[in-house]
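Enquirer: Chains as they are written, first to last, in full-length UniProt numbering: chain A, 1 to 483; chain B, 1 to 483; chain C, 1 to 144; chain D, 1 to 144.
Please keep in mind that the hints were generated in silico from the structure rather than gathered at the bench. A few of these clues could be false.
Over 12 angstroms on every C-beta distance to chain C, these chain B residues come out as not near it, computed from the model [claimed, not checked]:
id: 1; residue: Asp9
id: 2; residue: Arg17
id: 3; residue: Val20
id: 4; residue: Leu21
id: 5; residue: Arg47
id: 6; residue: Gln54
id: 7; residue: Gly87
id: 8; residue: Leu122
id: 9; residue: Val142
id: 10; residue: Glu269
id: 11; residue: Arg278
id: 12; residue: Asp356
id: 13; residue: Lys373
id: 14; residue: Glu440
id: 15; residue: Gln452
Result set (SDA-like, lysine to any residue): computed pairs, CA atoms no more than 20 angstroms apart in a straight line [claimed, not checked]:
id: 16; chain 1: A; residue 1: Lys443; chain 2: A; residue 2: Leu431
id: 17; chain 1: B; residue 1: Lys183; chain 2: C; residue 2: Glu84
id: 18; chain 1: B; residue 1: Lys57; chain 2: A; residue 2: Glu457
For glycine and all other residues, C-beta sits at the position ideal for the given N, C-alpha and C.
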Amino acid sequence: MQLSNKKLDWDQFLQIRQEVLNSWPTGQEVDLEEAVAYQSRIPAYRRFAEKLEQAKKEGITLAQPRAGVALVHEHIELLRYLQDEGGADLLPTTIDSYTRQNRYQEAQSGIEESRSVGRSMLNGFPAVNHGVAACREVVESVKVPVQVRHGTPDARLLTEITLAGGFTAYEGGGISYNIPYAKDVPLERSIRDWQYVDRLVGYYEERGISINREPFGPLTGTLVPPCISHSVAIIEALLAAEQGVKSLTLGYGQCGNLTQDVAAVRSLEELAEEYLGRFGYHDVVITTVFHQWMGGFPQDESKAFGVISWGAATAAMAKATKVIVKTPHEAMGIPTKEANAAGIRATKQVLNMLKDQPLVEFKELQSEKELIKAETRAILEKLLEFGDGDIALGTVRGFQAGIIDVPFAPSRYNAGRLLPARDYQGAVRLLDFGNLPFGEEIKEVHREKIKQRGKAEGRDPSFQMVIDDIYAIGKGMLVGKPR
Amino acid sequence: MQLSNKKLDWDQFLQIRQEVLNSWPTGQEVDLEEAVAYQSRIPAYRRFAEKLEQAKKEGITLAQPRAGVALVHEHIELLRYLQDEGGADLLPTTIDSYTRQNRYQEAQSGIEESRSVGRSMLNGFPAVNHGVAACREVVESVKVPVQVRHGTPDARLLTEITLAGGFTAYEGGGISYNIPYAKDVPLERSIRDWQYVDRLVGYYEERGISINREPFGPLTGTLVPPCISHSVAIIEALLAAEQGVKSLTLGYGQCGNLTQDVAAVRSLEELAEEYLGRFGYHDVVITTVFHQWMGGFPQDESKAFGVISWGAATAAMAKATKVIVKTPHEAMGIPTKEANAAGIRATKQVLNMLKDQPLVEFKELQSEKELIKAETRAILEKLLEFGDGDIALGTVRGFQAGIIDVPFAPSRYNAGRLLPARDYQGAVRLLDFGNLPFGEEIKEVHREKIKQRGKAEGRDPSFQMVIDDIYAIGKGMLVGKPR
Amino acid sequence: MEEEKKQLTLVLGVIGADVHAVGNRILEYALTEAGFKVVNIGVMASQEEFINAALETDADAILVSSLYGHGEIDCRGLREKAIEAGIGNIKMYVGGNLVVGKQDWAEVEKKFLAMGFDRAYPPGTMPQQAIDDLLRDFGFTQKC
Amino acid sequence: MEEEKKQLTLVLGVIGADVHAVGNRILEYALTEAGFKVVNIGVMASQEEFINAALETDADAILVSSLYGHGEIDCRGLREKAIEAGIGNIKMYVGGNLVVGKQDWAEVEKKFLAMGFDRAYPPGTMPQQAIDDLLRDFGFTQKC
Ligand code: B12
Ligand code: B12
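Just chain A, same shape as in the assembly (with noise of 0.2 angstroms):
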């Protein structure tokens, strides 16, 4: 059958359901009126999207970690503490990469051999491994909502157990969870089991559970230019709104550049807002998710603090609902407990400081928000037009065409065509485009901007200069100098 952003039939839904909970022993602990009647005696200030959308409301920006460890009492000892030490207004269960690629052999052989030394060895928590209970023990064990964090192609199996295991958030789709996150895997399949994902929330919705998705903004976290980002984020919205999915919370890597990365978080609400409503689903909620740098961190820790920090500001002034925390750590390595709680606190310090400081939005803030919005338009409609008003459809085949193209993916289904670069104030531009559906006024607003750094830089832009962005952050800096 061919792909369609349709609602998945239920029965068909059930059939697949089978295959999923049969690929591995503890799906077999799944029992979806159980898990129902489980979650709808989870509280309120334990549920993800009543949290959100109150600090929506409120105007305030709510802080949220990346954490995962191996074994189960470890993780709940490293939530506690992120909750209690750190202030974490909300947590995360990080996924192991074994788990992310269903290798759920090898992340059983992850778990004993942690078990043996003594120290995780597995780079996030294989939930599908411990299992439901194990999971309810996790979500129960703190005092604020917790949500699935990991890069899955295929979540199907995952999503069923952490689901029934009580959490009330989970991150991905079939876009974002593929193209950065996996070398081989057809968008076509992935989108797919996605679908599953978001149907299987939409069936808790229709239960009257309400829990969070959120499409997995930064991609490559490597120099994406938001109308990149955002165009995946909507089309995701608009696959996991037809399948039900209530509570939306839309995602964007910070760049660096204040006036591009405010203009990023409120342009995807406004145009969220937009394509959901022209495409009907008018009851879903919408909030934001700012991520600090997601690219290469500096090694120094001061430092380190330093770009958490402007992350921290960055999301208060553009009042994104939440910001995912990076660490002092970042550049060496998963953090302890201490070093991802220090991470929390420096954010909370800078949000609790600008929380009624909002940007103004100013003549070039307003510019920038235009520019970003025709960008993503024209990649959207452009999507469209080739999924014959099929976004899923139009999706596949744009990725094929390179229509839209996400820069430093590992997936071949990917066109990596794009080169982006810093413009003089450091906003992410793009140096060649691919084949991005862009008019020439847009290029032309890119090409002006690369060419001023150009000049400012006495260089011509090139894949050097690409390089030089990519470590800039990382060396103490934004815009990349030359050698």
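Once you've looked at the hints, dock chains B, C and D with the ligands against the given chain A.
Expert: Leaving out everything else, chains B, C and D with the ligands in the frame of chain A:
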């Protein structure tokens, strides 16, 4: 003779000078001609004024720590560390509190005790006791310019020794180093003593040696409204210029609200140009210094990094010529060299990331600037009126009358009637105007803004609100919350 | 109780060449609000000023602040001066940033207790702490 | 020299389930610019893919990246596979964020050298470092 803003007669200067140099044995080490010769051999890269002018031209913000310990070699080691590991662009030599009060005998005990216990028992470098040769050893040991930073009402001997000792910049002023730093020193006396200091600097200038002078901007560092510190800065600029000072760096201590802080830095420079021009001082180069939050800091180091980084961001967006850096140890005690360098590195990361992102002058920023200018002019004009056109005299009389008034100052020559409090967005406003010569229009702005906050918090503005604001940043907020 | 508290007279000040005035002002306010009679000798107070103020006002306790780092030098001998003045039993508290730098608090506390202080307080102590301790030390525990 | 360098063929890839593609792309560019023949097998490469690529291209060295933390598990046995395949002497370098968390580098290095790698590189290593070492290890020291 009545105090007035008139250039000190050279013979009179020399007469006073005898006394000054005789007040402690090391005074005898100063030979002015030899000092001029020594200073003239200092290379440009170690000259403060040059480096600041260069930075102003390039539109970048330099980072400078505070630092000083009791013993010469430890002090040198400290400065080198801050230069090499912190990346400080400018260095300080912070003077201990006994020296600041001319208590050289106690400073001597502190030196000796430091030697015997093996750690600094003084909160700074006792430059007078160490003498000219030791100072030269200090400034020669590093590759960047070094400034004397202190808080000394009568700094005449310290100036003689440190300028002969090769320092190329000197902080302080007759108001800013008296009102926040002393209890019992008549303003008339400290202004006279600082006329001496400025006259000496002016003499070096006559001989072709540029010495940068910096009035101490933040005053008590605690909820000081911009108009108060601006008035003091401009008065001291006028006093210094009259004595022949040519390189002036005017300072302002961060309040925490971005719009107010950027407006403050920019209006300070504009107001200074205005007044210096009006009184005929046309060849003075004005640069600005932004102090990261000078009030109570959070004890937690991560939170402190948040405060530090936000200060750095504001400095960069305001385009201050330099920023004075706090450290993660601020709330606890004099920082170790490691903590000090950490503060610099976090700061420089942010400065570099924001160096090409000055805040656009949007409407609210412009009105904030206009407000600060109107307030400052109101104070300065009334002081000139009080002094029959003489700003020195007017200042003394004005302080008596509370026409200018510094919040939380220990000096009995300060009226101490102001009550500052934050408005809803965290800008510092006045709850009680004391005797400030503000028109109703200005007062209404303050009242309105504080009222708005009171409403949001459901309480009437009161001294409790002020206390809450004093604790606020230390407790992780900007605007103090009601208990 | 309110009455009894009123009888407690406290001498408050910042010792040495220290001009940190903000905490002193807040302490004065908070202690007064709490019902104590506060004799605030302000910043830059010498040991003699503390003792004289205590003598003159027949004070029950002396609260010394030191923020700027020279506390170790400045506070030495204060207890001895009190003894000489015949008020050797007066309660003496000290607080602030007592030493130069971030040092292990247990060590610092030991040092100041050895100097003859009854209590020493680390950086960032809230006034309520002093209020509670005063009431406790003077036998008002139950009532607050 | 330029010529001699061209003869060096390097297999480059990111091992395991690791998708970190940015460093890999830069390494490919920098090594190619430096004159090596680079066979980039990209991200998510298995041990077998490394060995096969080396065999097929008669490579002089294998450069393994591991960023995501599972390097310790993923790299174990690679040297043994090379020996089995009859290229036991091939130079093997490894770099990236090799283990989970911020660990003492000396320990980590020891661990990977013990696994049979000729060189191991800490987080944040610049490509030039690998280029210099390659030239040195293959006897081109003088010329660069
Ligand atoms: C960008 C990024 C991502 C992007 C990657 C996008 C993509 N597909 O490329 C996204 C967001 C998708 C991502 C995902 C994940 N990431 Co990631 N990521 C990063 C980040 C921030 C930057 C990496 C980067 O691009 N750096 C820039 C390039 C130029 O540098 P580089 O990769 O280090 O490579 C250079 C050098 O290391 C060296 N080098 C590398 N290999 C070799 C080999 C040899 C022989 C030599 C000589 C040199 C050498 O040369 C390269 C060029 O200079 C790093 C942290 C950091 N460094 O700041 C984390 C980091 C690598 N990620 C990490 C983790 C754990 C993950 C996830 C598991 C998610 C999670 N738990 O948070 C997933 C893993 C997915 C997977 N299956 O692999 C961890 C690894 C932890 C550890 N080792 O303890 C890091 C260190 C972050 C952290 N502190 O937690 N990540
Ligand atoms: C504001 C400030 C200034 C202002 C003071 C203005 C004024 N006249 O009041 C200015 C800028 C002038 C200044 C100058 C100096 N300062 Co200062 N200053 C500060 C700062 C940032 C805040 C102090 C403050 O007002 N806090 C808010 C009030 C409410 O809190 P508090 O003072 O701590 O008091 C509370 C508690 O401590 C407690 N408490 C205090 N005393 C007592 C006593 C008892 C018995 C009890 C129970 C409780 C108690 O209750 C108070 C109310 O809650 C602190 C660092 C910090 N805390 O963040 C540095 C700090 C105190 N300053 C310091 C220093 C060194 C100086 C200088 C020597 C300059 C220098 N080298 O940098 C000069 C000294 C001048 C002098 N002769 O005293 C150091 C002291 C270092 C140390 N002990 O190791 C500090 C800690 C900064 C640092 N880390 O270097 N400073």
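Enquirer: Does each hint fit the structure? Answer for all of them.
Expert: The hints, checked one at a time:
The beta carbon of Asp9/B is kept farther than 12 angstroms from every beta carbon of chain C, the shortest such distance being approximately 33 angstroms. The Cβ of Arg17/B sits about 25 angstroms from the closest Cβ of chain C, beyond the 12 angstroms cut-off, so the non-interface label holds. Once the 12 angstroms rule is applied to beta carbons, Val20/B is consistent with being away from chain C; the minimum gap is 20 angstroms. Chain C leaves Leu21/B outside its interface by the beta-carbon criterion, the shortest separation being 23 angstroms against a cut-off of 12 angstroms.
Consistency note on Arg47/B: stated as away from chain C, and its beta-carbon is indeed over 12 angstroms from all of that chain's, at 31 angstroms minimum. With a minimum CB-CB distance of about 35 angstroms to chain C, Gln54/B clears the 12 angstroms threshold, and the non-interface call stands. Chain C leaves Gly87/B outside its interface by the beta-carbon criterion, the shortest separation being 22 angstroms against a cut-off of 12 angstroms. Its closest Cβ contact with chain C, about 7 angstroms, brings Leu122/B to no more than 12 angstroms, contrary to its assignment away from the interface.
Against the 12 angstroms criterion, Val142/B stays outside the reach of chain C, whose nearest CB is about 22 angstroms from its own CB. The Cβ of Glu269/B lies farther than 12 angstroms from every Cβ of chain C, with a closest approach of about 29 angstroms, so its non-interface assignment holds. Its beta-carbon lying about 34 angstroms from the closest one in chain C, Arg278/B satisfies the requirement of being farther than 12 angstroms from that chain. No Cβ of chain C approaches the Cβ of Asp356/B within 12 angstroms, the least distance being about 36 angstroms, so the stated non-interface status holds.
At the 12 angstroms boundary, the C-beta of Lys373/B stays outside the reach of chain C, the nearest C-beta of that chain being 28 angstroms off. The Cβ of Glu440/B lies farther than 12 angstroms from every Cβ of chain C, with a closest approach of about 29 angstroms, so its non-interface assignment holds. At roughly 25 angstroms, the least C-beta separation between Gln452/B and chain C is larger than 12 angstroms, which holds for a residue marked as non-interface. Between the alpha carbons of Lys443/A and Leu431/A the distance comes to roughly 9 angstroms, so the proposed pair stays at or under 20 angstroms and holds.
Proximity of Lys183/B to Glu84/C is assessed by CA-CA distance (about 28 angstroms); at most 20 angstroms being required, the pair is judged violated. Straight-line distance between C-alpha atoms of Lys57/B and Glu457/A comes to about 17 angstroms, which keeps the hinted pair within the 20 angstroms bound.
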